[in-house]
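Engineer: Protein chains in written order, with the UniProt record's numbering: chain A, 1 to 190; chain B, 1 to 511.
Just so you know, the hints here were simulated from the structure itself, not pulled from any lab data.
Check the hints yourself; a few may be wrong.
Claimed, not checked - Heads up, simulated DSSO-like pairs for lysine-lysine below, C-alpha to C-alpha not over 30 Å straight-line: (1) B:Lys46 with B:Lys471; (2) A:Lys141 with B:Lys471; (3) A:Lys91 with B:Lys440; (4) A:Lys171 with B:Lys46; (5) A:Lys171 with B:Lys393; (6) A:Lys171 with B:Lys471; (7) A:Lys133 with B:Lys46; (8) A:Lys91 with B:Lys442.
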Amino acid sequence: MMVAAVALGLLAGASGLLLGFAAVRFRVEGDPIVERIDAILPQTQCGQCGFAGCRPYAEAIAVGEADINQCPPGGENGIVALAELLGRDPKPLNPENGAEKPKMLAVIDEQNCIGCTLCIQACPVDAILGAAKHMHTVIAKECTGCELCLAPCPVDCIQMLPVTPAISTWKWTYPMAETKVESAAAEAAV
Amino acid sequence: MRLFPFHGGLKTVRHKTESNRQAIRAAALPKRLIVPLRQHVGAIAKPLVKTGDPVLKGQRIGQPDGYVSAAVHAPTSGVVIAVDQQPVPHPSGMTDWCVSIEVDGEERWIERCPVDYQHLHPSDLRNVVRNAGVVGLGGAVFPSAVKMNLSGHCERLEHLILNGAECEPWMTCDDRLMRERAPEIVAGIHILAHLLAPREVLIGIEDDKPEAIAAMAAACAGTGYEVRPVPTRYPSGGVKQLTKLLTNKEAPTDGRSTDIGVQCFNVATAYTLHRAIHHGEPVISRIVTVTGHVKQPQNLEVLLGTPFAELIAESGGYQDGVQRLIMGGPLMGFALHDDRVPVTKATNCILAAGAEDLALEQPAMPCIRCGACMDVCPADLLPQQLYWHARAKEFDKAQDYHLFSCIECGCCSYVCPSRIPLVQYYRYAKNEIWAQEKEKQKAELARQRHQARLERLEREKQEREAKLRQKAPPRSDAAAEKPTPTASIAHAKEAASSAADSPTEAIARDA
C-alpha cells in the first residue's frame, strides 16, 4: 500500500517536473492558429469584416468572437479553407459584410486630384503616392482593391476599375465539354 | 548504338508526305507585317521604335527585358505604322503588343556583323545570342541564351542533344530543313559545342525521315557528332522522352535536364544560331509547314509577322471541309480564333484541320476506368487519378500525383475511348495552381506593407508625443512663469511651421 502510494507520488512528481520544463523550454510565442488563419485571409485590409484589418479578424476568429464567413474578398474559397483549417462546416458568406466581387483596382483621375493626401492616409498598404498639393497616383501593383480610399476623397476622383484581362494573366478555363450522358444515350440509339 | 525506350507513347497517324515532298519555298513579301513583342517565354520585349520610324531589315525593334527574355527585330525594311495591341496566335484569342510595319519592298539590311565566336568570352557570346533573338524553335520558344548557361547546374555537360525528332503528325518543317540545310545546322552545333563543351553530341531523328538522317549524317562526317535514328513513336520529340531514348537518363521531377548533364536544342534553333553568329542575321524568319485542308501543302520560309491568311492563300487557299485552323500539330497545338494573326517564332505548323482530324472534340462520355491513358502516358503518370482530382478541383491531390510532370502531349486524350478532354483538365488545374500561388504572393506583400505601415504610424505617434513632451514645459514651472502672450504666439508659429514640414502629420492631427 505504502509502496504503491510512494511510487505513484514519485511518478506524478517526475511527470510534473517534466511538463513544467517542457512548458518553459518549448514555449510557443504568440498563437500559431492566428498565424495560420491570417495566412488564409486575402490581406486586403479592407475592414469589411468589421475589424481593423486581416490580422485583428484572424485573432477574433481564433478566440471565437467572429465567424468564418465575414470576409467578402476571400470569398467562398477563403471560407472553405478556413472551415477546413478549423474543422468547422463551411457556410455561405454573411451578406451583412458585403458580396464577393471580381478583383478591382483603384484609379485616381489625376486631372481632378487636388492633392489633399486624405486617400494616402486611408490606404492600408501605402499604395498611393503623392504629397500635399501635388497630384496623387495609385501604385497598381500594390493596390489590394480594398476601396478604403473612396470615402475620404473630397472630390470623388477615385474610381474602382476591374482588373483588365491580359494575355499574360489569361488562364485555361474549366473544360466546357462535361461528361454528357444524354448525348451518349442518343449515340447508342443511333 | 543502344536506345532506351520511354514508357508509353503512341503510333499516330503521320500525314507527313503531304508537305515534305517539295523543297522549302520563300513566301512572298507581304504588304504589312505585325510583329508581336512577346514571341518567347519570359518578359515581353520593350519596344524601341514608335509610329512613323523607318526600320531596316534586321533592325532591333524590341529590347529584351530581364534575364529570361529575347530581342525582336524588324523582319524587313519599311515604316512603323503602329505600336499597339493586335490579335496574336494564342489559345485565348486575345491581343498583345505588336509593332506593325508597312513593308517598302526594298529589303534594305542593317549592317550585319558576323562574330568570331571562338575568341569571344562565353558571356559576351550569350549576349550576342540574346540580342539576335534566338529562342527554341521547336515550339516552346525558350530563350536559348539562358539554356547556353549551365550556371552551376552541372560541372560539365555530358550530352548535348539536337532534337530533330519532329514527332507530331503533319509537321515537316524540321525534316525539310535537315534535308536542305544540314551543313548550316552543323555549323550551329559547332557553336553550341564550343560554348557547352559536351562529352558527346547526339542528334535524334525519327526513323521515318531517312533523307534527313542521311543528310545530317553526311554533314556530320568527321565532326564526331552522332546521328541517331529513333523509332517513330509519339512523343519521341519531347525533351524528356528524347533524353531517355538516347541516354537512358531521367531528370528529377523538380529538377532540370542540366542536373543530369544534358541540354537539348531543336535543329532549327541551331540553324538560326548559325545565321546569327556567322552571318550577323537575327531571327527574322522561320520555316512554317502549311498543311491539312489546303490545296498545296508545303513548307514556306516566312518572315515573322506575316498573317496566316496570306500563307494559306499562297498554299492555294482552303479546301472544303475545314473545321479548325490549328497552330502547331493536332496533338499539342491549339485552335485559332482568327486567320489574320501573325506568324511568330513559335509557329512551326499551320494546320487547316478537317472534321476527321478532330476526333478529340466530340462530346465526352463518362470515364470507364479502362486505364488506356495510363498505358500511353510518356511521363509515367496516372492520368485517370489526375483527371478525377482536376475535375473535382482538388489541386493538392493532383499535385500529389505529379501534375506538373505532365508534358501535355495529348496521348491520354488521344486514346481515351470516352473522348474526355483530359489535357484540358490538366491545363486548367495547372493554371489555377499558378494563379493561387500568385495571389498568395500578392497577399503576403500586402501583409508586409500593412505591417510596415502600422509600425510607421506607431513610430510617428511616439515621436510626436516625445516632441510635445519636450516643448511643453513642466507644469510647476509653467505656473511659476505664467506664459506671456508673445511666448504663446512663438509656440503657435513653431507648431505651424512644423505642420508645414509634414503635411500628412498636420492633417492627421486635424483629423
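Engineer: All hints are to be evaluated individually against the structure, with a verdict given for each.
Structural biologist: Right, here's what the structure says about each hint:
This hinted pair does not check out: Lys46 of chain B and Lys471 of chain B have alpha carbons roughly 55 Å apart, beyond 30 Å. Distance check on the hinted pair: Lys141 of chain A and Lys471 of chain B sit about 42 Å apart at the alpha-carbon level, beyond 30 Å; violated. Straight-line distance between C-alpha atoms of Lys91 of chain A and Lys440 of chain B comes to about 23 Å, which keeps the hinted pair within the 30 Å bound. For a cut-off of 30 Å, the pair hint linking Lys171 of chain A to Lys46 of chain B stands: about 24 Å separates their Cα positions.
Between Lys171 of chain A and Lys393 of chain B the alpha-carbon distance is near 15 Å, which keeps this suggested pair within the 30 Å criterion. Simply put, Lys171 of chain A and Lys471 of chain B have alpha-carbon atoms about 60 Å apart, too far for the 30 Å limit, and the pair is violated. With a CA separation close to 34 Å, the supplied pair Lys133 of chain A and Lys46 of chain B exceeds the 30 Å bound. Of the pairs offered as hints, the one joining Lys91 of chain A and Lys442 of chain B holds, with about 26 Å between alpha carbons and a cut-off of 30 Å not exceeded.
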